[in-house]
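Colleague: Required output: the full structure, derived from the provided sequences and hints.
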Amino acid sequence: MTKSNREATQATRAYLPLFAMAGLLLASPAWAQPQVSPAPPQDLPVEAQVPPGPPAQPEPPLTAAQPQPLPPSPYQLRGYPYAAQQGAQPQPKLFEPEGPVTTWDPLRFTVALESRASWLFDSGAKRLMESRYPVGGGVSVQADVFRPNDRIAIRLDLGWITTSHTSFQSGSVLTEKLDSNLFSLGASLRYHVLRWLAPFARISGGLGWDKLRVADLHDRQQFEQGALGAGVLLRSPGLRLWQGSYSPALAVLGNLEAGYAVATSSDWVVRSTSLSSSASPIPTNSVAIGHMGRSAPYLRVSLGIAF
Amino acid sequence: MKARFLALSLALAPFAGCNNGNTDFWQPRNNLLPMVALDDHVAFVERNTQTAFLLDPADPSLTPRMMAVGKAPVVALKRNANASNPNNVIPHNQLLVLSMGDHGSTDIPAVPADLRVIDANPAVAPGIYPLTGRFDGLAQSDDGRFLVLYHSPSGQAQVDSSLYDPNEMVIVDFTTAEGAAPLLTGKSIRSLGYVPNTILFSPPYVFGGIPRTLAVVLSQNYITIMDLEHPNNTEISVPLCPTSTNCTLSPVQILFDPANQKIYVRASGSMDIFQIALTDVSGAVPPPTAPDNDFVASLSMLAVGANPADMVLFGSGVGTRIAAVSADARRLVIIDPSNSHATIIATSIPANQIIRFSVPGNLPTDKPKERALLVDRLLQSTSVLFADLEQVETTGGLAITDYPLPAPAGAVYPLMDAQQRVAEVVMVSSKFAGNNAAVTVVDLATASVSAIGAGATQANPTIETRNPSRLWSVDHGNVLSFLNLMARPSEPRLMTGETPLDQNITNIVPLSTPSLNGTRYLIVAHNDPDAIGNFTVLDADHPDRTTARTGYGFLFTDYLKREQP
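Chains as they are written, first to last, in the working numbering: chain W, 24 to 330; chain L, 83 to 647.
Where hints are given, some of them may not hold.
Reference listing, derived: stretches of chain L covered by chain W, where coverage requires no fewer than 3 residues with Cβ under 8 Å from a Cβ of chain W [claimed, not checked]:
no.	segment
1	107-114
2	134-145
3	577-588
4	611-621
5	635-641
Just the calculated beta-carbon pair ranges, DEER-fashion [unchecked claim]:
no.	chain 1	residue 1	chain 2	residue 2	range
6	W	208	L	206	50 to 58 Å
7	L	628	W	243	26 to 34 Å
8	L	113	W	314	20 to 28 Å
9	L	106	W	269	55 to 63 Å
For the record, the hints were derived by calculation from the structure and aren't laboratory data. Given the structure is predicted, the values throughout are model-derived calculations rather than measurements. Glycine residues also receive a C-beta, built at the ideal position from the N, C-alpha and C atoms.
Modeller: Shown next as structure tokens:
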């Protein structure tokens, strides 16, 4: 191998994962892909993969015996029609980048950005949020904790959603601000219909607190919330960062979930504590401004990286 | 088909919980009428939401009771009560709210004006009385029995009504029968070119053996007399000038003399006092029938010789006299209305206020002696005059005694004792400051003057005119000060005290009646630029910040429940 060829090969090795990732994120459905030069099945060990066509440069013979390609699983045959043809393909060379990960198995964990919109029924909540459909944002971490088979998985998620709203009274300096935070723990049961689509049902529960400020008056309320929802989980094909047995696979994963959240309601009682700098101020009364119900249907969307 | 229907129903189910109401948190900025002190409550009326907030200061939570009022409230007043009349059974711990309603538009239906009577007792249902006119003026008799609703000269009706009668009014008679519905009588009084400025109520005059209250309507150049017991009778208009040409008299003061069935009118721009004699004609043949009155009025003039600045009545029967002071001419004039004879005495100060009082005679059987205190409130005189009214006609200037003041008087407050007689006069200096001249207290019985100093400029002087009385004021913005004007249990007269509060004080309102817990409260208002409610409640008899409570933001109570206007 000449020096220039060696450098080109090294550069190709370095950039191939990026090329592959870009291509995978725009991957077309498996059944729309050409039947020539398919990628090897990604859930097989590297040693078990069949090298593709003739190498560009002669390579030293492998010292280990070449394993026979594994028979395709029914899952592969059903979900990935091209995978059934892998046995007839030439084995790829070891240094060549691996193809997209299209099975669910390596994607056990997810870190995601969350967005949640509620459909408020309670008039008090609507006025405090000044919207019928307040939207919050947050983050979550998710993990598959149990996979009895290739099609079913149970996933736990821990999330934080925050919502904040501020409004101003016309003609005065009065402001109203409501900050809401919710920590929730959820469990979902997922069924892998396709390699990129899995409907799920999810149940979650959590604790939250709201902080309300009206003019110089403020209050803080804690609440509990339970939710039952269902939706679909979408994923892109994954990509291994490097070659080897322990190489993690990365994929983009999204949730779309709708459901109903049942939460404890609050009676807001605001009070001012800033009227005096005295060490023993004159007690100030509390003001009950009204009731806020939090139970409402919701739509939850998340987008994250699975690995 | 059933499956489709079921699916559609399920899909639309969430919409059932929706409404298209306004989701804005903020309603329009509060627009409050002046705070109203009831006997043991305090009331606020918010115009935008048409809500009256009644607070019981004895309630530890200071949670207001909210009552709806009519649309566009313009007047909120405490109902009058004449506590000296033991026969007065008319409830008076009540809030009167006059609303103008809305004349409507192509998009908004018309809302009639109304008068609401809201009792401090929540068990008493509010009285709601629709009105035919959109009035913005309310006058009431001392005993709270009669109300007259009218169009004030600079009222709102002029700008948002297409056609209206400025001399239209409604007479409300609550009668003295407890629980009886009030009688509302509409009336349009005769116009002599002008509109009502002020309405005053008389003590009972007796005609045909029946006592009756008269309402005297003051208008430019004339007055109108109405018999409130017979509101459908024709009103009596009394022009103050022989001809209306070049007549620019504004009646400003009325003295009622029911014993002699006379009314005296002082008008700015006139050097005379107008005497209106009411003659009982109930015994005439044939007797007058409605709508004619059973009395007639005749006008005469009593010459003062100068513009009178103030006047009082003293004496009784044929001995009744009018004492008038003229600041311009520096004179005291005693007039015998029976013969128009006037005794004129020069005064050393340009007195513009005269305060009548009486002192006991030398012997217990002697008749009380009629005296007067003459005060100059405008031209910075440093003395006051004591006048022996009964002796002025005989001894002239010898009956007047000059007493020096440590500082010119700016405001003068007569104080009544337990027998409802003027016992003291408090004069607050015009600057309300100075080490020895902020307040002067004059004991009328002994003609002794006490001067009270102030280390700093005081503000918001507030006098409790009931016995025991106190002068409240504000020092350094947030310090509530008081001066005992009369001796109180375990507290001497002229004792002072002060209570620092947490916020600057803008208004001081002592309540007149103790709450159910036996404590009488003092309401101290604070800066409230955004009108959300801000006051502190103190024990009026023992003000102490350790027992005080601040009500801040109470106008937000149940805010989320209120509909957007």
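Colleague: Hint by hint, say whether it matches the structure.
Modeller: Going down the list of hints, with the structure as the test:
no. : hint                      : in the structure
1   : 107-114                   : holds (count 4)
2   : 134-145                   : holds (count 3)
3   : 577-588                   : holds (count 3)
4   : 611-621                   : holds (count 4)
5   : 635-641                   : holds (count 6)
6   : W:208 x L:206: 50 to 58 Å : holds, 55 Å
7   : L:628 x W:243: 26 to 34 Å : holds, 28 Å
8   : L:113 x W:314: 20 to 28 Å : holds, 26 Å
9   : L:106 x W:269: 55 to 63 Å : holds, 57 Å
Going through the hint list in order, the structure satisfies each hint without exception.
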